[in-house]
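Using the hints, build the complex out of the two chains.
As a plain string of letters, each chain reads:
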Amino acid sequence: MTTTKTFTYSHTIGFLTAVGRGFTNPVDLAFNSQGVIYVLNRAGPETTVRLPSKRVSMCTIDEEFLGEWGTGGQGDGEFWWPSSIAIDSLDQVYVADEGLQRVSIFDKGGKFLSQWGVKGSADGQLEYPSSIAFDADDNLWLTDSGNHRVQKFTKDGQLISAWGQRGSGPGQFQGPWGLALTEAGDVYVSDWGNDRIQRYSADGVLIEEFDGLPEGDAIHRPAGLAVDDDGNMYVADWGNEKVKVLGPNGSLLATLRGESVDSKWAADYFAVNPEEGQLRSEADLFPELDPPVRREREISAGVEGYFWGPSAVKLDRQGRLYVADSLRHRLQVYQVN
Amino acid sequence: MADKELGLLAHLMRRAGFGATLQELEESRAQGYEATVDALVHPEDASDWDDDLFRRYQPDLNSVMYFESAQNYWMYKMINSKRPLEEKIALFWHGLFATAYGKLNHAKGVVNQTDTFRRHGLGPFHSILMELSRDPAMIFWLDNKDNHKYAPNENYGRELLELFSMGIGNYTEDDVKNCARAFTGWTIANDEYMSVRASRDSIWPSGRIDWQFEYRPEDHDDTEKRFLGRTGNFNGEDIIDIIAMRPATSWFIAGKLYNYFVSDTPNEEAISFLAEEYRKSSGDIRSMLRALFLSDYFKSEDVWYAKVKSPTELVVGTARLAGSFTTPQWDITNLASDANFMGQEILNPPTVEGWHTGTEWVDTGTLVERVNSSALIIGDTLQPGVQAMIKSLKARRDTYQPNDLVDECLLLVGGLQVSEGTHQRLVEFAANYGEVSFTPEDAVSCSEQQVVELLQVILATREYQMA
Numbered sequence: 420m421t422t423t424k425t426f427t428y429s430h431t432i433g434f435l436t437a438v439g440r441g442f443t444n445p446v447d448l449a450f451n452s453q454g455v456i457y458v459l460n461r462a463g464p465e466t467t468v469r470l471p472s473k474r475v476s477m478c479t480i481d482e483e484f485l486g487e488w489g490t491g492g493q494g495d496g497e498f499w500w501p502s503s504i505a506i507d508s509l510d511q512v513y514v515a516d517e518g519l520q521r522v523s524i525f526d527k528g529g530k531f532l533s534q535w536g537v538k539g540s541a542d543g544q545l546e547y548p549s550s551i552a553f554d555a556d557d558n559l560w561l562t563d564s565g566n567h568r569v570q571k572f573t574k575d576g577q578l579i580s581a582w583g584q585r586g587s588g589p590g591q592f593q594g595p596w597g598l599a600l601t602e603a604g605d606v607y608v609s610d611w612g613n614d615r616i617q618r619y620s621a622d623g624v625l626i627e628e629f630d631g632l633p634e635g636d637a638i639h640r641p642a643g644l645a646v647d648d649d650g651n652m653y654v655a656d657w658g659n660e661k662v663k664v665l666g667p668n669g670s671l672l673a674t675l676r677g678e679s680v681d682s683k684w685a686a687d688y689f690a691v692n693p694e695e696g697q698l699r700s701e702a703d704l705f706p707e708l709d710p711p712v713r714r715e716r717e718i719s720a721g722v723e724g725y726f727w728g729p730s731a732v733k734l735d736r737q738g739r740l741y742v743a744d745s746l747r748h749r750l751q752v753y754q755v756n
Numbered sequence: 006m007a008d009k010e011l012g013l014l015a016h017l018m019r020r021a022g023f024g025a026t027l028q029e030l031e032e033s034r035a036q037g038y039e040a041t042v043d044a045l046v047h048p049e050d051a052s053d054w055d056d057d058l059f060r061r062y063q064p065d066l067n068s069v070m071y072f073e074s075a076q077n078y079w080m081y082k083m084i085n086s087k088r089p090l091e092e093k094i095a096l097f098w099h100g101l102f103a104t105a106y107g108k109l110n111h112a113k114g115v116v117n118q119t120d121t122f123r124r125h126g127l128g129p130f131h132s133i134l135m136e137l138s139r140d141p142a143m144i145f146w147l148d149n150k151d152n153h154k155y156a157p158n159e160n161y162g163r164e165l166l167e168l169f170s171m172g173i174g175n176y177t178e179d180d181v182k183n184c185a186r187a188f189t190g191w192t193i194a195n196d197e198y199m200s201v202r203a204s205r206d207s208i209w210p211s212g213r214i215d216w217q218f219e220y221r222p223e224d225h226d227d228t229e230k231r232f233l234g235r236t237g238n239f240n241g242e243d244i245i246d247i248i249a250m251r252p253a254t255s256w257f258i259a260g261k262l263y264n265y266f267v268s269d270t271p272n273e274e275a276i277s278f279l280a281e282e283y284r285k286s287s288g289d290i291r292s293m294l295r296a297l298f299l300s301d302y303f304k305s306e307d308v309w310y311a312k313v314k315s316p317t318e319l320v321v322g323t324a325r326l327a328g329s330f331t332t333p334q335w336d337i338t339n340l341a342s343d344a345n346f347m348g349q350e351i352l353n354p355p356t357v358e359g360w361h362t363g364t365e366w367v368d369t370g371t372l373v374e375r376v377n378s379s380a381l382i383i384g385d386t387l388q389p390g391v392q393a394m395i396k397s398l399k400a401r402r403d404t405y406q407p408n409d410l411v412d413e414c415l416l417l418v419g420g421l422q423v424s425e426g427t428h429q430r431l432v433e434f435a436a437n438y439g440e441v442s443f444t445p446e447d448a449v450s451c452s453e454q455q456v457v458e459l460l461q462v463i464l465a466t467r468e469y470q471m472a
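Top to bottom, those sequences are chains A and B. Residue 625 in the numbering used here sits at position 206 of the first sequence, and the numbers go up by one each step. Residue 285 in the numbering used here sits at position 280 of the second sequence, and the numbers go up by one each step.
Next comes chain B alone, as it looks inside the complex (with noise of 0.2 angstroms):
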């Protein structure tokens, strides 16, 4: 019989973190359901990752002089964080307002972009806005160091409005040319320096600079603009304003958090409800997400396992779940590799529009992929988080039936439920090894291994690629 009240506890803990082991899902338990999801959205309270080891061991991680080392400090932050939705809302925002290393060729800007959503990412939406305009990487990334007094350039009051949110039909073009003109004069600091120095960038003598924000209120054009119905003097500041309060805006983050958080397919009374939490609370995002995990439309069993994991999720999961790179150590960079191989370079979005997510991360060659990385993680048997798994199996009893073996170690991995096909599937497979038993001792190699190899198994399944 399935335990309905862990089930609640790990869907609840896969969709705003990246899933638990299940001892952390029993504290959970212990602490109740809404005490869990107070603590999950004032991550604040929680201690930060100290990460003075790892930048200690991989000086890279700190100066972020190559990309590598920016996708391998994201990689162990979400991993040893204790503050699991941060680093998911982070993830959330950098899929929204995707910037690309790519163009920047300055990877710390990158990582700096993601401190920001941090920092403010479950605060009112105006703030994120308003930090996002005053972020050096998307000022670069949209152009909008060449938005100029005498010469605007549209790219970021364009997408401003059309990705990040309002969406497409809700303004005109006179807007677009309004909203640039008032974001004109919102720069970087040396801009001329460093735009060579992203286009050139074999020689940095003394590494790279942080890009600073800088207003320049000579390139700033101090006249009237015309913006969504209102007139005035409008400079940045007063389009944010104008654009949090929209019906459209609270619409549009509504479905993107749903989307996220919730399901790949639309509801509309869902959205909705979601809508209207974020016009009662001023657009802030820490209180739609309490009202949504506290809602049936996030707790009903329909909308378990019904998302796809993203590659991030997924390999972020099972490292956590295998106690692996909670110390430093080289290989990090497989794991960024593993996600890259599945589609989805962190740090590194294929455009403006971020990743398209859903059934779109599965194809012939990604689920190869998502299910090999998945094993190989799972399958070191010297990893704590396996080794737990295990000595936690030897408590409970001595010897297992392939039935009782395959229930334990779906509870092990996160409180799994899986069809009963599935279930069916793995016994049969666990049939293969007849009993499992933890004596003598000369059997315990042999069953630990048999034990790894189920939870290889248990990994490839849908419900595990799944959140």
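With the rest of the complex left out, here is chain A (with noise of 0.2 angstroms):
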């Protein structure tokens, strides 16, 4: 089926701060019961000044700061590189870490409970435990980037299944990144290293695998992924600094690069040092810059306003798209008509 929505962007949500109102690296997101949302702070590098900004905020779509929670640093209940956020049907919070090889489980307002994940690469064992998602039974399945598979855990970490391999076949994975099930139970992996998205049923069939784009369109290096109920696929097209939109048959259906403008958080700022907001109102904040010499990267380093490092994408129940823009420290949301 051919899709008719078109997408226009809404507003940002965010700005850069190391701790307090704002995020630093946001790479991933999740939304609760009640609307709220989690945006999880990966930040770095893990010198001893910048592990406080390894936390988790909390804040609505109108952007209001409901608070944060957490810490850099390795003991229980800490980030070191924290990767993804999920949310079971108890608003649980549930954060993957790679660099501790664990899942660490906390209440709604941050209180740790639990966690779990050893380092290795036996069935159950996590190496680089990249993008995490709930599904329907309130099973937790994860990619293990650093084992090239798929594996699926009862929420306290007792092993169901997985599957997997490295390389570039069917069935097999490259540094899988982002992770969505549907409402079917179909499984929907970037498969980051080989430039693709596969299909899978729940119990580990591939259905299909999209990296039929034409040169130029193509995807490069997937990271998060986001599938609505028609089947449209989001693709955070990391290494090209876009956000793909795909059909069901995995056609392309629209290219965003991202057109940030101030949050509140950051118009707040300038309203209270308006020597700077005048200085950056006269700024020229996307300049023309030349794509022939430069890489997508390069540009995007140039032109605030473009996604860079665009790590996750997820839909709120009102359908509404929401990019983690992680090295720019921002939500972009987007209205999907």
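Just so you know, the hints here were simulated from the structure itself, not pulled from any lab data. Certain hints may be false.
To be verified - Across the chosen pairs, the derived CB separations fall in these ranges:
1. Thr-356/B with Glu-694/A: 26 to 34 angstroms
2. Gln-737/A with Ala-156/B: 32 to 40 angstroms
3. Thr-331/B with Gln-754/A: 30 to 38 angstroms
4. Ala-40/B with Leu-578/A: 52 to 60 angstroms
5. Gln-697/A with Gly-107/B: 21 to 29 angstroms
Where a beta carbon is used, it is the ideal one built from N, C-alpha and C, also for glycine.
Now the structure itself:
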């Protein structure tokens, strides 16, 4: 089926702060049953002064800041390379950590409850868990990127199933990153190193793979992804600094480059620092840069409104599209019409 | 009996790169010396380092919001690059055109400058100066953004002549003034906002924005200038045309290259040879280096181990030997910190004159740091390079007498040739273990530890600490 959906930039949430109201390298986000947005801040490098920036921030779609919790470290409930966040049916919050090879569990206010995960390559062990998601039965799915596989656990960490191995053939992965589950039970995986999306049944049977876009549109190093009720795929095209929307058959429906303007939080700062605000308003923040001699990532580095390091794409219950714009320390929100 | 052929290749790889393992040296030997030189001076023929994996797991390597990430990125690149001379020449120009993060408050700006050195560093010196003059970090560093038509700022113009091309005594104060006037209007986009952001670093609402070069004709002094005996309506390009053709420039660059690649002690005849290569090739750095590496000035055993390794050469070379940091690891920060403690904070040189090199790298404090850092890296038996050395030892024979063990280990750390005195001390150290045996199985662990301890001592020798 062909979508008639269009995408309109709505607004931006967040700006860069080391702690407090703002984000630092937000790599993933999740919604709880009350509509609270949990934003996972990876931050780095891992020097003492930067560790407090590794945290979970809570806010609403209307940019109301609800607080934050967590910090960097290797103790219980602390984060080192936090990679993904998911929320179960009880509104408990799960955070995967690629540095500590574990999943940590918190209540909705951030109180640490428990953790599981062991480093290794045997079934049930973890090596750089990149993305987690819950299915309708409250089981936790996980892309185990260093072991090039998908694993399914009970939410307290008992292994249910695992499949995949390193390679570029059917049913193989090269550092899988994003993971999306559908109501029907299908499992979509961003096969990062192979530049493709793979679709599996819940029991791990490969249904199809999507890597057939023509050069120029082709996905490069896909990160997070989401799938809507119609089977359209929303892919963080990390290597191209874009978000691509693919139809159920893998055809390209839309390409988003990002068009952010200041969030409320950023505007508040410039309102009380008018001299800087004035200079900023006079600056050209959307310069024309010459694509033939620059890679997309270099253009993103020079044009503030574009995506830079898009890591996760999520849809809320209203169908709005959220992009974790990790290197720009914000979420860009799109209305889907 | 020392293997001279291997020794020469090891010398080449220490100078044109960061050293080589025994296996890499044997591969070069099969290729031949001249072919190895050609491969080095044409880094574009080798595959580039794929940094996606590193940028994925350590996102700030990409945005370089923080200075530590800038250093980490370059450390990774020097360790993992298949183009050692590309990194080595970038380090050379970074030392010569020393631009420091400390003033810029924009770590990605200095990283981008090193990319410019990679792209152009082996090309014509004329092109290098053109790129340097357009480089935003340099424009910020030496205040050319404040160099205006009616209010010239001489900082860049002066250093271009004094530190970057000809050297003092080859121009007048009037030349400096007119050079500066020719570069008026060479600035960066959004300079006022970027200046405020650099001075108040706390709030970048969406992270840093890459600086972009901008030429503003309305701010350029378009009147006549007299420069080094010529008169004309010169712009910056014209100034560089003139500078690049000056004999003083050929001598200046020849001297700097000789010092960096050959010896801490100047050799007028060799520098004259290099200056002539500059003139013959219109200042092509690749041609100069090829001629240098093939010359007896470079090959002579008199200049082997004649340079003190810079801290960066030391830590990168040792990490490459140990096979460390080939995958993303958060403690890469420690490697850059080690070099910082040894006196070389890459991307943040102390002044526009860069670092004082040679024997000035070594004092009682930094020597301890150099020895400890090397021992720490090579002492990790889990590192793939260390395991490969142990495996190689086991493959050659089951047991080693002290003298044989020393000789094999010297080979394995990259064809290291040491003085008789050093060799004797190493054998005395190894003799503490007696015979080292890899059989029976329960002796292996102890023997491996003894090998690693010997490697640590070898890395502490004067010869290893020299290039």
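May I ask which of the numbered hints given earlier this structure violates, with the numbers listed in increasing order?
Of the numbered hints given earlier, those the structure breaks are 2, 3, listed in rising order.
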